[in-house]
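J.: Sequence:
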Amino acid sequence: MSKARKDILDANGGEPPKVLDCFAGGGSISLEALRLGCESHAVELNPVAVLILKATLEYPQKYGKKLVEDVESWGKWVLDEAKKELGRFYPEETVEGYFSGGEEEGDKWIPVGYIWARTIKCQNPTCSAEIPLMRQFWLRKKTDSEGKIIWKDSIYLKPVIDKVNKRVDFEIIEGKRIEGFDPGKGTKPTSRSRGAFVCQICNSTHKSSEIQKIARSIGLGQRMICVVLHNSKKKGKRYRIANRKDIKIFEAATKALEEKVENWDGDYPAIPDEPMPPIGTYGIDAQRYTLNQTWGELFNERQLLALITFVEKVKEAYRRMIEEGYEKEYARVVTLYHALGIDRLIGFGTTLCVLNPTGGRGVSNTFGRQALPMVWDYIESNPFHIEGPGWVKAIDKNVKVIDRWRNFLQVGKVLQGSATSLPYPDNYFDAIITDPPYYDNVPYSDLSDLFYIWLKRMIGDLFGDLFATPLTPKSEEIIQEPMRHENDNEKAKHFYTMMMSTAFLEINRKLKDNGFANIIFAHTSTEAWETLVNALVNAGLVPTSSWPIHTERGGRLRARESAVLASSFFLTCRKREGNQEAYFKDVRKDLEERI
-13 MSKARKDILD
-3 ANGGEPPKVL
7 DCFAGGGSIS
17 LEALRLGCES
27 HAVELNPVAV
37 LILKATLEYP
47 QKYGKKLVED
57 VESWGKWVLD
67 EAKKELGRFY
77 PEETVEGYFS
87 GGEEEGDKWI
97 PVGYIWARTI
107 KCQNPTCSAE
117 IPLMRQFWLR
127 KKTDSEGKII
137 WKDSIYLKPV
147 IDKVNKRVDF
157 EIIEGKRIEG
167 FDPGKGTKPT
177 SRSRGAFVCQ
187 ICNSTHKSSE
197 IQKIARSIGL
207 GQRMICVVLH
217 NSKKKGKRYR
227 IANRKDIKIF
237 EAATKALEEK
247 VENWDGDYPA
257 IPDEPMPPIG
267 TYGIDAQRYT
277 LNQTWGELFN
287 ERQLLALITF
297 VEKVKEAYRR
307 MIEEGYEKEY
317 ARVVTLYHAL
327 GIDRLIGFGT
337 TLCVLNPTGG
347 RGVSNTFGRQ
357 ALPMVWDYIE
367 SNPFHIEGPG
377 WVKAIDKNVK
387 VIDRWRNFLQ
397 VGKVLQGSAT
407 SLPYPDNYFD
417 AIITDPPYYD
427 NVPYSDLSDL
437 FYIWLKRMIG
447 DLFGDLFATP
457 LTPKSEEIIQ
467 EPMRHENDNE
477 KAKHFYTMMM
487 STAFLEINRK
497 LKDNGFANII
507 FAHTSTEAWE
517 TLVNALVNAG
527 LVPTSSWPIH
537 TERGGRLRAR
547 ESAVLASSFF
557 LTCRKREGNQ
567 EAYFKDVRKD
577 LEERI
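In our numbering, the protein residues as written are -13 to 581.
It is possible that some hints are incorrect.
In silico DSS-like pairs for lysine-lysine, Cα to Cα no more than 25 Å straight-line [said to hold, decoys possible]:
{"hint": "1", "residue 1": "Lys171", "residue 2": "Lys193"}
{"hint": "2", "residue 1": "Lys(-8)", "residue 2": "Lys48"}
{"hint": "3", "residue 1": "Lys193", "residue 2": "Lys144"}
{"hint": "4", "residue 1": "Lys144", "residue 2": "Lys174"}
{"hint": "5", "residue 1": "Lys138", "residue 2": "Lys223"}
{"hint": "6", "residue 1": "Lys220", "residue 2": "Lys138"}
{"hint": "7", "residue 1": "Lys199", "residue 2": "Lys152"}
{"hint": "8", "residue 1": "Lys52", "residue 2": "Lys314"}
{"hint": "9", "residue 1": "Lys144", "residue 2": "Lys107"}
{"hint": "10", "residue 1": "Lys193", "residue 2": "Lys149"}
{"hint": "11", "residue 1": "Lys162", "residue 2": "Lys134"}
{"hint": "12", "residue 1": "Lys386", "residue 2": "Lys52"}
{"hint": "13", "residue 1": "Lys223", "residue 2": "Lys94"}
{"hint": "14", "residue 1": "Lys220", "residue 2": "Lys379"}
{"hint": "15", "residue 1": "Lys399", "residue 2": "Lys460"}
{"hint": "16", "residue 1": "Lys301", "residue 2": "Lys52"}
DEER-style ranges, computed between Cβ atoms [as the list claims (entries may be wrong)]:
{"hint": "17", "residue 1": "Asn151", "residue 2": "Asn473", "range": "32 to 40 Å"}
{"hint": "18", "residue 1": "Gly133", "residue 2": "Gln356", "range": "51 to 59 Å"}
{"hint": "19", "residue 1": "Thr512", "residue 2": "Asn189", "range": "41 to 49 Å"}
{"hint": "20", "residue 1": "Val428", "residue 2": "Asn110", "range": "38 to 46 Å"}
{"hint": "21", "residue 1": "Glu310", "residue 2": "Ala454", "range": "29 to 37 Å"}
{"hint": "22", "residue 1": "Ile372", "residue 2": "Glu313", "range": "26 to 34 Å"}
{"hint": "23", "residue 1": "Gly205", "residue 2": "His471", "range": "30 to 38 Å"}
{"hint": "24", "residue 1": "Lys193", "residue 2": "Asn473", "range": "21 to 29 Å"}
{"hint": "25", "residue 1": "Asn110", "residue 2": "Gly205", "range": "16 to 24 Å"}
{"hint": "26", "residue 1": "Lys221", "residue 2": "Thr558", "range": "47 to 55 Å"}
{"hint": "27", "residue 1": "Pro111", "residue 2": "Asp382", "range": "53 to 61 Å"}
{"hint": "28", "residue 1": "Ser218", "residue 2": "Thr191", "range": "40 to 48 Å"}
{"hint": "29", "residue 1": "Thr191", "residue 2": "Asn520", "range": "43 to 51 Å"}
{"hint": "30", "residue 1": "Gly403", "residue 2": "Val428", "range": "15 to 23 Å"}
Honestly, the hints are just simulated from the structure, not real lab data.
A virtual CB, placed ideally from N, CA and C, is assigned to each residue, including glycine.
Work the whole structure out from these sequences, hints included.
T.: Listed below in structure tokens is the structure:
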């Protein structure tokens, strides 16, 4: 790395080259530019991304080791204070009577999480039983190298059907196979069915459209099915069926939430009531199954209680820092990392998180893919579990980020703004390297609203310029989303093309005459490539070379379930020096050699 830095300086006359990413997003390009000793600039429209960029490119380098220590120590204070209020809702327990073999008397087991199923009432008027909506029954699914199930090491739920009392309960099956029973099927008609479920009492099938209608008229119910437990002295996890005590604890948490909401004095409602994107928005399906289509409906009562309590403690920590003489600017930076810690909790703290049963791995993030699909059976995580996706790990990851990047000599420069109107002089940058949004790909601003609404409640008063709107700004977001254009795909496409062309014109203007632009692209659609190249050429940028680079994780959920490129293409472009006219027959040979 030191040699690369020296080579870059030597090639630029001893001055760090100015490098811009005008669609900075999470900041990987800007961070690498900083590591290479460049003067790194990042422009991003989305406030959530801007805060992440500042927490990566500016603050670690500016405040150094003291920031590491204060984020860690005040993070522990937040944890201790939150646990005083919330600990009783996630009680440790002994396991005598639940399991057999290997337990020592008085062993304490910590609840890792609680598995829930959404429910509806069977619409068959002669039945009306409660139907648990479960996509599968696996708790731990162990397979060999060929993908065959190792039953002796696997655990799953099995319905216990009481047709007389019209009730479905569950039992846990460990280490054996039951002939004719498929744990991967759940309560669906087949293991491949999506959105349709079967009543286990009368065998009536309920289609997705029917369930949506129920959800948006009276709401879906839910039932706690199973508790996942862990002991740091033991290998693996244990599972037991939820009992009346578990339900009473959850009911107590619900009552505590009601009291918390009643006494809340924040600028915004304690429970987020901001609207989710309209039904039909690309990649977001969960709102179809909510009563009011608000973001707060993606959490159960105990999850909301935990998040609101952590928000209170983070805000209180800021007040205490000020009382102890911390400078306001520095205290708000420390608080930002705590707020981003809560955002990490949110990632694993919605009712869209599923249990990953493969090898007993645990909880999958809300954003297993860049979308918000509906989840039927979900796992509610314990935010105090040290080895799970809780507060301790969230703060530890943030501390490691600061510690890793604090020794850079350069400090990055982060601005909120649009790529269509860059706040820099013309001919300013030696290089502009960016990964622009793909025309109909991911609705980043819609997805980031899940984090924005909580950040607004935590630090909206500390970073007011970034929280001027109820939700993330969308009017300038360059994406082809028909729902933002009267559900007209042609209007959406025209908007994307126009805005992208404007952005590339800005890149041309801000780039030095001898500079270069690298445009990163990884879309599978020919139409997307055509749109991109046309916009580049119209902006006076000429692609001079392209390089495929392996940048995408093949094992990510999106790659496993869709046709996406494993490699990104880096299109190197330079400013077009001028226009010339020629007959096609005169340039045909050159074209054939190049294409």
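J.: It remains to establish, for every hint, whether it holds in the given structure.
T.: Tested hints:
no.: 1; hint: Lys171 with Lys193; result: holds (16 Å)
no.: 2; hint: Lys(-8) with Lys48; result: holds (23 Å)
no.: 3; hint: Lys193 with Lys144; result: holds (23 Å)
no.: 4; hint: Lys144 with Lys174; result: holds (14 Å)
no.: 5; hint: Lys138 with Lys223; result: holds (15 Å)
no.: 6; hint: Lys220 with Lys138; result: holds (19 Å)
no.: 7; hint: Lys199 with Lys152; result: holds (23 Å)
no.: 8; hint: Lys52 with Lys314; result: holds (15 Å)
no.: 9; hint: Lys144 with Lys107; result: holds (20 Å)
no.: 10; hint: Lys193 with Lys149; result: holds (22 Å)
no.: 11; hint: Lys162 with Lys134; result: holds (14 Å)
no.: 12; hint: Lys386 with Lys52; result: holds (13 Å)
no.: 13; hint: Lys223 with Lys94; result: holds (13 Å)
no.: 14; hint: Lys220 with Lys379; result: holds (20 Å)
no.: 15; hint: Lys399 with Lys460; result: holds (23 Å)
no.: 16; hint: Lys301 with Lys52; result: holds (20 Å)
no.: 17; hint: Asn151 with Asn473: 32 to 40 Å; result: violated (47 Å)
no.: 18; hint: Gly133 with Gln356: 51 to 59 Å; result: violated (27 Å)
no.: 19; hint: Thr512 with Asn189: 41 to 49 Å; result: holds (47 Å)
no.: 20; hint: Val428 with Asn110: 38 to 46 Å; result: holds (40 Å)
no.: 21; hint: Glu310 with Ala454: 29 to 37 Å; result: holds (30 Å)
no.: 22; hint: Ile372 with Glu313: 26 to 34 Å; result: holds (32 Å)
no.: 23; hint: Gly205 with His471: 30 to 38 Å; result: holds (31 Å)
no.: 24; hint: Lys193 with Asn473: 21 to 29 Å; result: holds (24 Å)
no.: 25; hint: Asn110 with Gly205: 16 to 24 Å; result: holds (20 Å)
no.: 26; hint: Lys221 with Thr558: 47 to 55 Å; result: holds (52 Å)
no.: 27; hint: Pro111 with Asp382: 53 to 61 Å; result: holds (54 Å)
no.: 28; hint: Ser218 with Thr191: 40 to 48 Å; result: holds (44 Å)
no.: 29; hint: Thr191 with Asn520: 43 to 51 Å; result: holds (48 Å)
no.: 30; hint: Gly403 with Val428: 15 to 23 Å; result: holds (20 Å)
Figure legend: structure checked against the earlier numbered hints; hints not met, in rising order: 17 and 18.
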